[in-house]
Amino acid sequence: MPQWNGLLEKIDDYRWRIPKNYKAGMRVPGIIYADEALVQQIQREQSPEQVANMALLPGIVNYSLAMPDIHCGYGFPIGGVAAMKTDDGVVSPGGIGFDINCGVRILRTNLTREEVLPKIKELMDSLYNSVPSGVGSKGRIKLKPGEVNQVLVKGSRWSVEKGYGRPDDLDTTEENGEMAGADPSQVSGRAKERGTLQLGTLGSGNHFLEVAIVDKIYETDTAGVMGIDRVGQVMLLIHCGSRGLGHQVADDYIKEMVRAMVKYDIQLPDRQLACSPVKSPEGQAYLGAMRCAANYAWANRQCITHWVRQSFCQVMDQDEKATGLELIYDVTHNIAKIEEHEVGGQRQKLCVHRKGATRAFPVGHPDIPPKYSRIGQPVLIPGDMGRFSYVLVGTEQAMKETFGSTCHGAGRVQSRAAAKKQLQGRDVLEAMKTRGITVRAGNLAGLAEEASQAYKDVSMVVEITRRAGISKPVARTSPIGVIKG
Amino acid sequence: MKRYRLIEHTADMGLVAYGRNLTEAFANAAYGLFSIIAELRTVKETESRRLEINEDDPEALLFEWLNHLLYLFDVDMIIFKKFDIIDFDGHSLKATCYGEKYDPSRHKLKRGVKAATYHLLKADREENQVRVIFDV
Numbered sequence: 000m001p002q003w004n005g006l007l008e009k010i011d012d013y014r015w016r017i018p019k020n021y022k023a024g025m026r027v028p029g030i031i032y033a034d035e036a037l038v039q040q041i042q043r044e045q046s047p048e049q050v051a052n053m054a055l056l057p058g059i060v061n062y063s064l065a066m067p068d069i070h071c072g073y074g075f076p077i078g079g080v081a082a083m084k085t086d087d088g089v090v091s092p093g094g095i096g097f098d099i100n101c102g103v104r105i106l107r108t109n110l111t112r113e114e115v116l117p118k119i120k121e122l123m124d125s126l127y128n129s130v131p132s133g134v135g136s137k138g139r140i141k142l143k144p145g146e147v148n149q150v151l152v153k154g155s156r157w158s159v160e161k162g163y164g165r166p167d168d169l170d171t172t173e174e175n176g177e178m179a180g181a182d183p184s185q186v187s188g189r190a191k192e193r194g195t196l197q198l199g200t201l202g203s204g205n206h207f208l209e210v211a212i213v214d215k216i217y218e219t220d221t222a223g224v225m226g227i228d229r230v231g232q233v234m235l236l237i238h239c240g241s242r243g244l245g246h247q248v249a250d251d252y253i254k255e256m257v258r259a260m261v262k263y264d265i266q267l268p269d270r271q272l273a274c275s276p277v278k279s280p281e282g283q284a285y286l287g288a289m290r291c292a293a294n295y296a297w298a299n300r301q302c303i304t305h306w307v308r309q310s311f312c313q314v315m316d317q318d319e320k321a322t323g324l325e326l327i328y329d330v331t332h333n334i335a336k337i338e339e340h341e342v343g344g345q346r347q348k349l350c351v352h353r354k355g356a357t358r359a360f361p362v363g364h365p366d367i368p369p370k371y372s373r374i375g376q377p378v379l380i381p382g383d384m385g386r387f388s389y390v391l392v393g394t395e396q397a398m399k400e401t402f403g404s405t406c407h408g409a410g411r412v413q414s415r416a417a418a419k420k421q422l423q424g425r426d427v428l429e430a431m432k433t434r435g436i437t438v439r440a441g442n443l444a445g446l447a448e449e450a451s452q453a454y455k456d457v458s459m460v461v462e463i464t465r466r467a468g469i470s471k472p473v474a475r476t477s478p479i480g481v482i483k484g
Numbered sequence: 000m001k002r003y004r005l006i007e008h009t010a011d012m013g014l015v016a017y018g019r020n021l022t023e024a025f026a027n028a029a030y031g032l033f034s035i036i037a038e039l040r041t042v043k044e045t046e047s048r049r050l051e052i053n054e055d056d057p058e059a060l061l062f063e064w065l066n067h068l069l070y071l072f073d074v075d076m077i078i079f080k081k082f083d084i085i086d087f088d089g090h091s092l093k094a095t096c097y098g099e100k101y102d103p104s105r106h107k108l109k110r111g112v113k114a115a116t117y118h119l120l121k122a123d124r125e126e127n128q129v130r131v132i133f134d135v
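Protein chains in written order, with numbering that gives the first Met the number 0: chain A, 0 to 484; chain B, 0 to 135.
These are calculated hints, taken from the structure and not from any lab test.
Cβ atoms here follow ideal geometry from the backbone N, Cα and C, with glycine treated the same way.
Honestly, I wouldn't trust all of these hints.
Examples of chain A residues toward chain B, derived with CB under 10 angstroms [stated by the list, open to error]:
id, residue
1, Cys71
2, Gly74
3, Gly93
4, Glu192
5, Thr195
6, Ser203
7, Asn205
8, Gly355
9, Ala417
Pairwise CB distance ranges (calculated) [as the list claims (entries may be wrong)]:
id, chain 1, residue 1, chain 2, residue 2, range
10, B, Arg2, A, Gln347, 47 to 53 angstroms
11, A, Asp124, B, Asp123, 48 to 54 angstroms
12, B, Arg49, A, Pro280, 31 to 37 angstroms
Kindly generate the complete structure, drawing on both the sequences and the hints.
Dropping the structure here:
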């Protein structure tokens, strides 16, 4: 991929500006969060051009933003945040992506590394057998005809009502796992067909299930509120999304909006940026369908959570209360939301696109669970499969600068083909074994493509968000068991 | 003649597919797509599906063609390997696609593909080639 030779101005050590005059049609400047070393890496590919392209979208306010895990996407960059006015701005399905509400949840446990390590192989086998994963995996849940519509409206609540999980899981899920305004009549038959077969599956690619241990606590009190009590405590992470249902919703509406752009006289350099006014019939239909896909993804992670609890109880020979498997939080990192933010000194309703970016609301914000009101919203940042993951909290600075957003992961630096050229799946498996990580993977080729070397160092990414003040690290975990689809 | 070549993209994968005409390039793009997903050597041609697609232009047709095949793979788990496209005019096509239902004992799936994207999508009638980036 060619080097990007555009204009980038240094604002301070962690902020870089693409000026509005860089490209004709930019409505706002772009800002990339990165340090000197990272910014050089970022310019090796075309992702800054994608930041500039986001700034072309009608109704965008303040800045077109990129988090430090930015890398080249299709249309929008991964790590991109863009907020549009709801009265005369647009919504762009490509700015959410094909995996609508791809997200992460983390569960705490009462268990320690010493208790779990002797049984880790058995535990990983049990998890691997109880959570369907891999390409084209089909769910264990048999939905009756039409029942998927309920999943699309109720999200996590549907799962809990069916016995997958506990009511208090909903309290610690973004949007309570049930986004309002979901309209199943805007979801195509094809999307529902795909969704009916795949509920309760992990999928493949970078999706994973991870048993991890707390290896550092940065903010003891804040961590304590989340139930992160000590180093060596076992945690469980789930990373997956809306499966084929979400992909189909994105397909359907990108197609529709490519057509609608003619009607609304919107011209953009990349069809993948296709959009329609938020208030238009197309925009409203997409948002209604997108919320359905988001709810489906929450229902999906909720069902998986239930099987995870069962596996832990069975393998550790303890009841659910004793294992202490409680949901700390669940975040989405591919979504559009209607939120209120300050623009030019005034509160405004905006359609905030987060594509590979996480909401990071501060202390006291009304949209975060009461339990976390005094510490800020938990933010979950999974690293690549061999390295650390982070729990952070949102900040006031994020609210001021990034529409309450921060990064979502490590961010790729190497293409899948390049990663595979350098490494065999077997080597990656061996390397992880050497580091004491038990791996269960559907296929080895997929494993090589997700090797640590293909990603930026998540610690560096998190450190930049800390120094820029847009989120604050609370604890760090390190994997002892990984399931890859 | 080479049917397709893979192109590198940081997070995703793409391909350029060739042909003596655009019809053949479309068929080869589909072949390339399923080569990304599965090892096609052991896949037989025991199942078939007929498709009829109408779109506004060749790019929209390509987007829908590949995404329709991904939909069929998701719901029917058919790994396709042969694509007979007829009545191709750049805006519409009819095709019969052959493959086999996924059988874990004989087939190897390599990776999932979420969708064909519009990013850098191209259906070039002069060069008889198409380009597509997939979200994987």
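Hint check:
For Cys71(A), the suggested interface contact is upheld, since its CB lies about 4 angstroms from the closest CB of chain B, less than 10 angstroms. Checking Gly74(A) against chain B by beta carbon gives a least distance of about 5 angstroms; that is within 10 angstroms, so the hint holds. The closest approach between the C-beta of Gly93(A) and any C-beta of chain B is roughly 7 angstroms, which is under the 10 angstroms cut-off, so the hint is satisfied. Proximity of Glu192(A) to chain B holds as hinted, the smallest CB-CB distance being about 5 angstroms (cut-off 10 angstroms).
Hint status for Thr195(A): holds, given a least beta-carbon distance of 9 angstroms to chain B, under 10 angstroms. Against a cut-off of 10 angstroms between C-beta atoms, the interface hint on Ser203(A) holds, since the closest Cβ of chain B lies about 4 angstroms away. Because the closest C-beta pair between Asn205(A) and chain B is about 9 angstroms apart, less than 10 angstroms, the hint holds. Checking Gly355(A) against chain B by beta carbon gives a least distance of about 9 angstroms; that is within 10 angstroms, so the hint holds.
Taken as an interface hint, Ala417(A) checks out: its beta carbon lies about 6 angstroms from the nearest beta carbon of chain B, inside 10 angstroms. Against the hinted window of 47 to 53 angstroms, the Cβ-Cβ separation of Arg2(B) and Gln347(A) comes to about 52 angstroms, which satisfies the hint. The hint said 48 to 54 angstroms for the Cβ distance between Asp124(A) and Asp123(B), and at roughly 50 angstroms that hint holds. Range check, Arg49(B) to Pro280(A): Cβ separation about 32 angstroms, and the 31 to 37 angstroms hint holds.
In the structure shown, no violation is registered for any of the earlier numbered hints.
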